[in-house]
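Participant: With the hints as your guide, set chain B onto chain A.
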Amino acid sequence: MKNLSKLDIQAPVKMPTGIEGFEHLSMGGLPQGRTTLLVGTSGSGKTIFAAEFLYRGIAQYGRPGVFVTLEEKPIEIMRNVKRLGWDLVDLIAKNQLVFVDGSPDPIPAEEVGRYNLEGLILQVRQAILQIKADLVVIDSIGSLFHQFSDTSKVRLEIFRITEVMRELGVTTLMTAERLDEYGHISRHGVEEFVSDNVIVMRNVLSEEKCRRTIQVLKMRGDVHSKGEYPFTISNTGITILPLSAMELTQESSNDRNGTGNPDLDLMTNGGIFRDSIFLVSGPTGGGKTLMSAMFAAEGCRTGEKVLLLAYEESREQLLRNASSWGINFSKWEQEGLLRIVCQYPEAMGLEDHLLVIRREIQAFKPRRLIMDSISAMERVASVRNFREFVIGLTSFMKQERVCSLFTSTTPQLSGGESVTETHISTITDVIALLRYVEINGILRRGIAVIKMRGSQHDKRIREFTIDGDGMHVGEPFQNVQNIILGVASVTPMRDSDRFEKMFE
Amino acid sequence: MAADFKFTLIFFGENIPGGELKKPLERLVELAGKTCELELIDLSIQPEAAVQYHVLATPLLIRSNPLPIRRFIGHLTDSKRVARALGIDLDPAI
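Residue numbers (the numbering used here), protein chains in the order written: chain A, 1 to 504; chain B, 505 to 598.
With the rest of the complex left out, here is chain A (with noise of 0.2 Å):
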């Protein structure tokens, strides 16, 4: 047993739960030697994250751990998330797990005088000594209000077994229903004498999308991220998706990148750096695509790994459309250099796509990432649910290291600006815009880079031409305005200029 006054004197210690995401959100895991509370609606997650912190407490950390369960069966806990890959009979076959069932009989027991939880706590007491446990999941407290009908007996009941859970110096992750997403922080109250630290887990309908999200609401004498951060479950398990500029920490650095044409990589001043991330706009049809292109075969030419990620085209005409411009992806795709991606933004929420992008950078391992186009993501997301993603999605690339070009495509021909540009310009590195040109009635291509952070760049608008070798980067319009912020317009020559021709 542990020293009781020594342990309430010292500030907690944090400990990791392996929880993908939960140690960032939580400034390093759950306060140890505590009881915390993690409190949801129903179907909002708690048992999968109860399950995973056990879980991954024992298997990652080989930290025994006792699961009460006071609803559902062990049995069926077993089952559930067997689908994640998590072997439960395995661990309980090494000692290193114990279930208490706790879960409500067929037929209930009929209550004819006074009673307390003797029982349960003593086979809570039992489980944790048998294996000299570390962790303790309860799952859910509030079911015991729904087993025995003695609220106030039951209210003391909890507030002994989370005083049993001190004294043996164990870290304690109870659960406890909710009724509404934004409203009281649990059902009976069980936060008020249960714990100094609350875990919030929602499962938000907006817009016609789930939303899950999870938020640290107090961790006593601790510092925590604020606010709600989205999560997904997915078959590995949960994966909060950091939301906080992260990459401000990171180092940048100096090596620059060519982006597979010349006259681009003039107008960069060299190319764009390394650990850069470079926003390409412009309108359907102006050579997005191509600078896309350009930009992952120039990575594979010079030996880098390339991922392509593509939202808007199949793999048949991403493939057709770069051999028109002579560039074979799947040769490259052969040899190991190249990964095409397709998917349809509308296949699942942004969160999950954010995790599937997560996973094939981490597997591929690419130094350069091609997302055509960023911009397809905003008709399956509401614009806050969108912002999250980009801002997950470019901290992501930033801690990777990995160059990245976004397309973005704007709703106008010329100029304007689109959702993404307005959520992704302060995060994005370099900014080309590609516009069409009108000029005397024929429409022509120009494009500025008008953003390079760390570095000189050509701040003149240069016409540019696609033919079947690419793209092909100009000179400068002359006596033409508005070409990036509106409808470009023809200025008189200068007097001066006027002055010269009338002697040519």
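If you are wondering where the hints come from, they were derived from the structure by calculation, not from laboratory data.
Heads up, some of the hints might be wrong.
Facing chain B, according to a computed beta carbon distance under 8 Å, are these residues of chain A, among others [to be verified]:
#1 G102
#2 E111
#3 R114
#4 Y115
Pairs of lysine-lysine residues, derived as BS3-like cross-links and limited to a Cα-Cα distance of at most 25 Å, are as follows [unchecked claim]:
#5 A/K226 with A/K14
#6 B/K526 with A/K153
#7 A/K14 with A/K132
#8 B/K526 with B/K584
#9 A/K153 with B/K584
#10 A/K365 with A/K305
Sample of chain A residues lacking proximity to chain B, with all beta carbon distances greater than 10 Å (derived) [what the hints assert, rightly or not]:
#11 F148
#12 E313
#13 S324
#14 A347
#15 N440
#16 R444
#17 S455
#18 D469
#19 G474
The beta-carbon is built from N, C-alpha and C at its ideal position, and this holds for glycine as well.
Facilitator: Showing chain B alone in chain A's frame:
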């Protein structure tokens, strides 16, 4: 001859001795003119019985005869309530 009732009384002896706990039940059976077989399990001596009998609340009384098996929780001091719950007819004694 088999007893009319068969009970198992599970309790936590550190809180209350079993002898004191079973008294009202025995008195009740006697009043009704019936016989009972009563097994006492003290969890402070046999803690493993808590898992075996799936005990959350104590005291717990299990009636295994007559069937079906029924479970009752709480002290047995309120004789009317207990009698009604257990299906013991007190009327002949009154």
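Participant: Are any of the numbered hints broken by this structure? If so, which, sorted upward?
Facilitator: 11
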